[in-house]
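Q: Sequence lines, in order, name chains D and V. Each step along the first sequence adds one to the number in my numbering, with nothing skipped, and position 222 is 222. Each step along the second sequence adds one to the number in my numbering, with nothing skipped, and position 69 is 69.
Think of the hints as simulated: they come from the structure by calculation, not from any bench. Mixed in with the good hints, there may be bad ones.
[To be verified] Cut-off 25 Å, straight-line C-alpha distance, at most; resulting in silico cross-link-like pairs (DMTMM-like, lysine to aspartate or glutamate):
(1) D/Lys-270 / D/Glu-324
(2) D/Lys-66 / V/Glu-86
(3) D/Lys-66 / V/Asp-47
(4) V/Lys-50 / D/Glu-324
(5) V/Lys-50 / D/Asp-248
Computed from a predicted model, the values in this text were never measured in an experiment.
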Amino acid sequence: MGEAGRFSFLSLLWHGTGKAWARQWRDAKPKASYDVIVIGAGGHGLATAYYLATEHGIRDVAVLDKGWLGGGNTGRNTTIIRSNYLRPESAALYEHALKLWENLAQTLNYNVMYSARGVLMLAHNHHDVQVLKRHVHANRMQGIDNQWLTPAQAKAFCPPLDVGSQVRYPVLGAALQRRGGVARHDAVAWGYARAASAMGVDIIQNCEVTGIVRGPRGAATGVETNCGPIAARRIGVAAAGHTSVVMDMAGVRMPLESFPLQALVSEPVKPVMPCVVMSNTVHAYVSQSDKGELVIGAGTDAYPSYSQAGGLHIACETLAATCELFPSFRRLRMLRSWGGIVDTTPDRSPIIGLTPVPELFVNCGWGTGGFKATPGSGQVFAATVARGEPHPLAAPFGLDRFLTGRLIDETAAAAVAH
Amino acid sequence: MLLIPCPWCGNRPENEFRYAGPAGIVRPAAPASVDDGTWMAYLYLRDNPKGRHTERWRHVHGCGRFFNCVRDTVTDRIAGSFKPGEAPPS
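Please model the complete structure; the sequences and the hints are all you need to start from.
A: Here it is, written out as structure tokens:
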């Protein structure tokens, strides 16, 4: 595994004696040209580079980032993984990702701390019950695990949850995906970066793309950056909240709007939260990190913004809902809060595929729930870029769906209300 | 929370308002006769600019009226608001 060496029991033992660890990936300087440039060194971009190298033999790849590796939404999300989406196209895509998660640590030889502790989605009113039951039935027909729990069963699965009748939004039931869970978000970026770098991929930080160069026939032939021009045979954009900005450099308007999405963590406490709980209606989702912090996801702000900070009232509403659902959390203090910029599409499904500009490909629109898709997204996008045509799982998610009207409506499955 | 200047009621907190999308999106006059690309652009394509953004808000918990607002999407600073039909502030 290149300069860094493979992680194993023996290597841990060796380094445990005080031997310093080597750098896990090269902080590269850009060459004049590459086969493929990936814009955005988040989980999706790094995974794309990794699968280009491992599955398509394309190792002459650069991953550019205007900031640092994994410093965007990869390091800002609440790390929830699940595949209980409604439509067959989405369920197939997210389930593909979930299956990759299950072996990702072994594949990358890097502990991404995937923990299938179960994701519980709560129903608080009649409508929620109908929608979640529909998801349960649809998922079971698709071969994806999802089951309906009564309030008592939900309480047994998640003891701190208040299922009493005196709460403002009583729990009427819940959908449980047992294979869902969490992973260590930073480790996902680091693991992909390390494995890609060992295969020869250049990861170039603090390199902001300022222009997309077009050839005489209109095809993308490279990028302008603050580190100078870099040529490329193909370009893949994985710039999340800044996708509209990058695509505008190629003259392409996107069906995207960027919103701030906030999250918070509490002070660390002993294990109190055995699973992930999500509630669309009262808008709270909670899990506990291995460090002991409660990781709490809040909502998006009402208006588009690139500020990476949201309004305090949004976070307060989520904390109020969290305290209502988990009375024992009321005295916890919040340690940190932050925002990430999420690119949302009209149908809350991602966009993966070709663009009107030849040799320019895009992977965006993951909105409020892109982390869970990271391995699958990277794999199908790498195949799309390598072959110049959509991977079968990505095909329904092309930009052309907004022309044909064949949208993939996942507004109910997207956990964050917009 | 933003402090939003309603052209009729003055400065009010953001939670009195509802965001109503980018301003200046004009529905094609004859939807049945425009091509799919024009219709897609009207329905779905958005500038999503990083910087100056002209947008509509509605003062739902106040006068109830729609108006336009110019806001910077990086700083969230509001340059000003204007009534429908008026010119935006510079």
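Q: Now look at each hint and say whether the structure bears it out.
A: Structure-based check of each hint:
1. Between D/Lys-270 and D/Glu-324 the alpha-carbon distance is near 21 Å, which keeps this suggested pair within the 25 Å criterion.
2. As the CA atoms of D/Lys-66 and V/Glu-86 are separated by approximately 39 Å, the hinted pair breaks the 25 Å bound.
3. A C-alpha spacing of about 21 Å is found between D/Lys-66 and V/Asp-47, which places the hinted pair at or below 25 Å, so the restraint holds.
4. Between V/Lys-50 and D/Glu-324 the CA atoms are separated by roughly 37 Å; this puts the pair beyond 25 Å, and the hint is violated.
5. For the suggested pair V/Lys-50 and D/Asp-248, the alpha carbons sit about 11 Å apart, so the restraint of at most 25 Å is met.
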